[in-house]
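*Asks:* In case you want the letters, here they are:
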Amino acid sequence: MKKSSSLIKSISVGLVTLLVLVILAYGFTVTNINFEETRSERRVASLTRILRALAHPRIFDYEYKEEDVEIPFYLGCPEGGVEFPEVNRSEAFIVASVACAEPKETIVVEGYNFQENSSGPINFIGFSADAPEGVPLQMGSFQADAQGNFRVEVTVPNRQIKEDPQAIRATGRVRVGSPTISRDAQVTWEKIVETVFMALLATTFGTLMSIPISFFAARNLMSDIKIPLSNISLSLVGWPLGMWLGLKANQILVNLLSPLFNSFIPTLAGTIILPILGFLFIKWILSKQDEDAELKLKDRFVNLLYTIAAAILVFASILFVGKLLIQIGIYLTLDKEAPLYFIRRFIFQVGDIIIMLLPAISALVGGGLFGGLFGKFGQTISDRIAPATGKIINLIITPIAGAAIAVLILQGVDWFYQFNNPDITLYWPAGIGAGIGLAFAIKASPKRSLPIGIVLYGIIRTILNGTRSVEALVMAIVFVAWVGLGPFAGALALGLHTVAALAKLYSEQVESILEGPLEAIQATGANRLQTIVFAVVPQIIPPYISFTMYRWDINVRMSTIIGFVGGGGIGFVLQQNINLLNYRAASVNMLAIAIVVSLMDYISSKIREKYV
Amino acid sequence: MLEVKNLSKVYDGDVQALKNVSFTVNQGEFLAVIGLSGSGKSTLLRCINRLIEPTEGQILWKGQDVTAASQDEMRRIRRKIGMVFQHFNLVSRSRVITNVLAGRLGYVNPMMSALNLFPKSDIEMALAQLDRVGIMNQAYKRADELSGGQQQRVGIARAMMQEPAMILADEPVASLDPVLAHSIMQYLEKINKESGVTVLCSLHFLDLVHRYADRAIALNDGVLMFDGPPSEIDDEKFREIYGKDAERVG
Numbered sequence: 001m002k003k004s005s006s007l008i009k010s011i012s013v014g015l016v017t018l019l020v021l022v023i024l025a026y027g028f029t030v031t032n033i034n035f036e037e038t039r040s041e042r043r044v045a046s047l048t049r050i051l052r053a054l055a056h057p058r059i060f061d062y063e064y065k066e067e068d069v070e071i072p073f074y075l076g077c078p079e080g081g082v083e084f085p086e087v088n089r090s091e092a093f094i095v096a097s098v099a100c101a102e103p104k105e106t107i108v109v110e111g112y113n114f115q116e117n118s119s120g121p122i123n124f125i126g127f128s129a130d131a132p133e134g135v136p137l138q139m140g141s142f143q144a145d146a147q148g149n150f151r152v153e154v155t156v157p158n159r160q161i162k163e164d165p166q167a168i169r170a171t172g173r174v175r176v177g178s179p180t181i182s183r184d185a186q187v188t189w190e191k192i193v194e195t196v197f198m199a200l201l202a203t204t205f206g207t208l209m210s211i212p213i214s215f216f217a218a219r220n221l222m223s224d225i226k227i228p229l230s231n232i233s234l235s236l237v238g239w240p241l242g243m244w245l246g247l248k249a250n251q252i253l254v255n256l257l258s259p260l261f262n263s264f265i266p267t268l269a270g271t272i273i274l275p276i277l278g279f280l281f282i283k284w285i286l287s288k289q290d291e292d293a294e295l296k297l298k299d300r301f302v303n304l305l306y307t308i309a310a311a312i313l314v315f316a317s318i319l320f321v322g323k324l325l326i327q328i329g330i331y332l333t334l335d336k337e338a339p340l341y342f343i344r345r346f347i348f349q350v351g352d353i354i355i356m357l358l359p360a361i362s363a364l365v366g367g368g369l370f371g372g373l374f375g376k377f378g379q380t381i382s383d384r385i386a387p388a389t390g391k392i393i394n395l396i397i398t399p400i401a402g403a404a405i406a407v408l409i410l411q412g413v414d415w416f417y418q419f420n421n422p423d424i425t426l427y428w429p430a431g432i433g434a435g436i437g438l439a440f441a442i443k444a445s446p447k448r449s450l451p452i453g454i455v456l457y458g459i460i461r462t463i464l465n466g467t468r469s470v471e472a473l474v475m476a477i478v479f480v481a482w483v484g485l486g487p488f489a490g491a492l493a494l495g496l497h498t499v500a501a502l503a504k505l506y507s508e509q510v511e512s513i514l515e516g517p518l519e520a521i522q523a524t525g526a527n528r529l530q531t532i533v534f535a536v537v538p539q540i541i542p543p544y545i546s547f548t549m550y551r552w553d554i555n556v557r558m559s560t561i562i563g564f565v566g567g568g569g570i571g572f573v574l575q576q577n578i579n580l581l582n583y584r585a586a587s588v589n590m591l592a593i594a595i596v597v598s599l600m601d602y603i604s605s606k607i608r609e610k611y612v
Numbered sequence: 001m002l003e004v005k006n007l008s009k010v011y012d013g014d015v016q017a018l019k020n021v022s023f024t025v026n027q028g029e030f031l032a033v034i035g036l037s038g039s040g041k042s043t044l045l046r047c048i049n050r051l052i053e054p055t056e057g058q059i060l061w062k063g064q065d066v067t068a069a070s071q072d073e074m075r076r077i078r079r080k081i082g083m084v085f086q087h088f089n090l091v092s093r094s095r096v097i098t099n100v101l102a103g104r105l106g107y108v109n110p111m112m113s114a115l116n117l118f119p120k121s122d123i124e125m126a127l128a129q130l131d132r133v134g135i136m137n138q139a140y141k142r143a144d145e146l147s148g149g150q151q152q153r154v155g156i157a158r159a160m161m162q163e164p165a166m167i168l169a170d171e172p173v174a175s176l177d178p179v180l181a182h183s184i185m186q187y188l189e190k191i192n193k194e195s196g197v198t199v200l201c202s203l204h205f206l207d208l209v210h211r212y213a214d215r216a217i218a219l220n221d222g223v224l225m226f227d228g229p230p231s232e233i234d235d236e237k238f239r240e241i242y243g244k245d246a247e248r249v250g
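If you read the sequences in order, they're chains A and B.
Residue numbers for the first sequence follow the numbering used here, so the first one is 1 and each next one is one higher.
Residue numbers for the second sequence follow the numbering used here, so the first one is 1 and each next one is one higher.
These are calculated hints, taken from the structure and not from any lab test.
Computed from a prediction, not measured in an experiment: that's the story for all the values here.
Worth double-checking, as some hints may not be accurate.
Here are the simulated EDC-like cross-link-like pairs (lysine to aspartate or glutamate), alpha carbons at most 20 Å apart as the crow flies [said to hold, decoys possible]:
| id | chain 1 | residue 1 | chain 2 | residue 2 |
| --- | --- | --- | --- | --- |
| 1 | A | Lys610 | B | Glu145 |
| 2 | A | Lys283 | B | Asp122 |
| 3 | A | Lys447 | B | Glu73 |
Restraint-style ranges between C-beta atoms, simulated for each label pair [as the list claims (entries may be wrong)]:
| id | chain 1 | residue 1 | chain 2 | residue 2 | range |
| --- | --- | --- | --- | --- | --- |
| 4 | A | Leu208 | B | Ser8 | 46 to 52 Å |
| 5 | A | Phe264 | B | Asp131 | 53 to 59 Å |
| 6 | B | Gly28 | A | Ile545 | 46 to 52 Å |
| 7 | B | Glu124 | A | Ala309 | 32 to 38 Å |
| 8 | A | Ile343 | B | Asp131 | 23 to 29 Å |
| 9 | A | Ile23 | B | Ser8 | 20 to 26 Å |
Yeah, the Cβ is synthetic: ideal placement off N, Cα and C, and Gly gets one too.
With the hints as constraints, model all of the structure from the sequences given.
*Replies:* What follows is the structure, given as C-alpha cells:
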C-alpha cells in the first residue's frame with residue numbers, strides 16, 4: 001500500500017514537471033524568444049550605439065573649434081592603381097596607408113599638425129549624383145596627442161564600388177570657452193517641473209475627492225445603516241426631485257443676479273454683504289434651535305424654510321465670490337508679461353472653477369435637502385403609522401420610486417446609445433421599475449429596516465474597482481480628446497485614477513479602526529456625522545497622510561509616462577526624442593526622471609516615517 | 001426607572017447570549033451585574049442603550065419603550081445614559097478635553113460640533129468634570145499619554161458630561177490593578193451617592209460587589225440566576241452562578 005502510493009506520488013511529480021515544461025515551451029513561442037537574433041552583428045552594433053548614446057546625456061553644450069581635413073580615396077582599386085594624393089604639409093593633414101581599398105578592408109589613417117589634443121570622427125564621404133555634397137559615414141574616431149598627431153586603424157565601409165574618387169575626412173575638435181547648459185537640459189528642466197506639478201495637482205484633487213467617498217466605501221460604517229422601505233423609496237424620489245429643483249434654483253438665481261455682475265462695484269458689494277448676511281442668518285437660526293424640544297409639524301416646516309433661505313444665501317455668496325474672482329482675474333491678466341502672472345491667472349481659474357461647480361453643488365444640496373426631508377417623512381411613516389396603513393403607503397410609493405429610478409438610469413444609458421425610442425427609454429423601464437418596487441413593497445414589512453448601507457457600499461465599491469481597473473494612461477487618451485494635448489489632460493487622468501485608488505486604500509483604513517471609541521461616541525447620543533468626526537477621523541489621519549504621500553510618489557512616476565499619449569510632462573519630450581533617435585537627449589530626460597523619482601521616494605518615505 | 005422584560009439576544013450564527021432576562025432597576029440604585037466571562041453581561045448592558053439590537057423583549061426607560069424608539073428618540077435616550085468601558089474606549093489621538101467634550105455630542109448642534117465648536121459653558125463643564133476626577137491639569141494632553149487609571153477617569157468624566165440619569169459601567173476596573181480599581185469604584189460610588197445617578201455596573205470580583213453594590217443580579221450562560229442584595233450570595237448561590245468547580249477568591 002505504502003509503496004504504490006509513493007509510486008503514484010513520483011509519477012504525479014513527473015507529470016507536473018512535464019506539464020510545466022510544456023507550458024514554458026509554449027510560452028517561448030508566444031513571446032517570440034529568439035536569442036540568435038540578439039547575437040547578430042547588426043543588432044549588437046545598434047545596441048552598442050544606443051547604449052553609448054544613453055551613457056552620454058547631453059547636459060552641457062560646448063563651443064568647438066573645428067577643422068576638417070579631407071583626402072580623396074577610391075573605393076575599389078581601379079586597374080593600374082592610383083596615385084597617393086598630394087597634401088600640404090604646412091597645415092593639418094592626413095595620410096592613409098593606401099590610396100584605394102576594397103570594402104571592409106582595414107586601413108591605417110595617420111594625421112599630423114592637428115590642434116593639440118583635438119578629437120573627432122573619421123568619416124568616409126560617399127559622393128553620388130543624388131548627393132553631390134557627399135554623405136558621411138563614420139569609420140572610426142581619433143584622439144590626437146599633445147603634438148596634434150594621431151594614428152588609427154579604421155575599416156572601409158561596405159559600400160558599392162565606384163569609379164569616381166570618394167573621400168576620407170577627419171574632423172578635429174577642441175572645446176573652447178566654458179560649457180553652457182544644453183537646450184535639451186533646459187527643456188528637460190521645464191518639463192520635469194511640469195511633471196511634478198501635474199502629479200501634485202492630481203494628488204491634491206484625488207485626495208480631496210476620495211476622503212468623503214472612502215467613508216461610503218467602508219464596510220464597518222455602512223453595514224449598520226438600515227432604514228425601512230418607506231424611507232428608502234421616499235428618499236429615492238426626493239433625491240432626483242431635489243437635484244432638479246436645485247438646478248432650477250441655480251438657473252433662476254444666476255439669471256436674476258447676472259445684471260449685477262456687469263460692473264465691478266456691485267459684484268464687490270455683494271461679495272462683502274452676502275456672506276455677512278448669511279453668517280448672521282445662520283447664527284440666528286442656530287440660536288433659535290433647541291435640540292431638546294419635541295418638534296411639531298409647523299416648526300419643522302418653518303425650519304425647512306429657514307434651511308432653504310440659508311442655502312440660497314450661502315449659494316449666492318459663493319456665486320458672488322466666484323464672479324468677483326473672475327473679474328479681478330480678467331483685469332489682472334490683461335498683461336501677460338506682468339510679474340507673478342501665474343498668481344493672477346490662478347485667481348481667474350479659481351473663480352471659473354467655482355462658477356463651473358455651482359450647478360453641481362446646488363443639485364447636490366437640493367438633492368440632499370429633499371432626499372433627507374422625504375426620507376425623514378418616510379421614517380415617520382414607518383415609526384408612527386400602523387403596519388397595515390404603512391403597507392398600503394409602501395404599495396403606492398415604492399413602485400413610483402422604482403419607476404423613477406429605472407427611467408433615470410435608462411435616460412443615462414440613452415445618452416450613450418441614442419435609442420430615441422420612448423418604448424426603451426420611458427415605458428419599459430417605468431413598468432419594470434414599478435414592478436420591482438411593487439415586489440419589494442409586497443415582500444418587505446413596513447416596520448423592518450432594510451440594509452441599504454451595505455447595498456450602497458457594494459455599488460460604490462464596484463464603481464471604484466471599475467474605475468481603478470482602467471489605467472491612467474488609457475484615461476489620458478479620453479481626456480486628451482476632451483481638453484487637448486498637454487499637462488491638463490494628464491493631470492485630469494491621474495486625478496481620476498487617484499480618486500479611485502485612494503478611496504479604496506482609505507476605506508480599508510477606516511475598516512481597520514478600533515471599534516471601541518466608535519461605540520463610546522455612539523453611546524453618548526452622537527449622530528452619524530458626529531461619530532465620524534469624533535471617533536473615526538482622529539484614528540485615520542496618520543494612515544491617510546501616509547497613503548497620500550505614497551500616492552504622490554506613484555503619480556510622479558506615472559506622470560513621467562503619461563506624456564506618451566499626449567498628456568504633457570516629460571514623457572512627451574522623451575517619446576519625441578526616442579522617435580527621432582535622439583538618444584543623447586532622451587538620456588537627459590531619463591536621468592531627470594530617475595533623479596526626481598528617487599528624490600520623491602526618499603521624501604515620501606521620510607514623511608511617512610514621521611506620521612506612522 | 002429601567003425595566004427589562006423578557007430580553008433575549010441571538011447573535012448571527014445562533015449564539016444565544018441572553019435568554020429571557022427580566023429585572024428592574026430603581027432610581028438611585030447601585031446595581032452590580034456578575035457572572036463569568038461570556039455569560040452575557042456586556043451584551044445585556046449594550047442592549048439597554050441599543051448599541052446591540054435585542055432580538056426579543058422589551059426595555060422600558062422611564063416608561064418609554066427603548067426597543068421601539070426612532071433614531072431621534074434614541075439620541076435623546078442615549079444622551080441620558082452614560083457609559084464607561086473596560087478598555088476606556090477613549091479616542092487615543094485626541095486630546096483629553098476633546099474626549100470629555102464628546103460627552104456633550106447628544107446635546108449640541110451637530111454641524112457646530114462637527115467643526116469642533118462647543119459652547120463655552122460646555123468647555124467649562126468639561127474642565128469642572130476633569131477637576132472632579134482630579135486630572136484637570138492633564139486636560140490638554142493627548143489621551144494616550146495618560147496612564148490606565150487616568151484614562152478611566154477621563155471615561156467617567158465623559159459619561160458625566162452627558163448629565164446622565166444612569167451610568168452603564170461595563171467591567172470598568174477589569175483592566176486596572178486593585179488599588180486603582182478601588183479608586184475608580186469610589187468615583188462611581190460618589191457619583192451614585194452625591195449626584196443620585198443610578199449605576200448599573202458589571203463586575204468580576206465579589207468583594208467589590210459586596211463593598212459597593214446595593215443589589216446584584218447574576219447571569220450564567222445568558223440566564224438570570226440571582227437577583228437580590230449581595231449579602232445573600234452564599235456558597236450555594238455562588239456555585240449556581242459560577243459553576244460547580246468554582247472557588248471563591250478575594
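*Asks:* If a hint holds in the structure, say so; if it doesn't, say that too.
*Replies:* Right, here's what the structure says about each hint:
no., hint, in the structure
1, A:Lys610 <-> B:Glu145, "holds, 18 Å"
2, A:Lys283 <-> B:Asp122, "holds, 18 Å"
3, A:Lys447 <-> B:Glu73, "holds, 16 Å"
4, A:Leu208 <-> B:Ser8: 46 to 52 Å, "holds, 47 Å"
5, A:Phe264 <-> B:Asp131: 53 to 59 Å, "holds, 56 Å"
6, B:Gly28 <-> A:Ile545: 46 to 52 Å, "holds, 48 Å"
7, B:Glu124 <-> A:Ala309: 32 to 38 Å, "holds, 33 Å"
8, A:Ile343 <-> B:Asp131: 23 to 29 Å, "violated, 50 Å"
9, A:Ile23 <-> B:Ser8: 20 to 26 Å, "violated, 58 Å"
Comparing the model with each numbered hint stated earlier shows that hints 8 and 9 do not hold.
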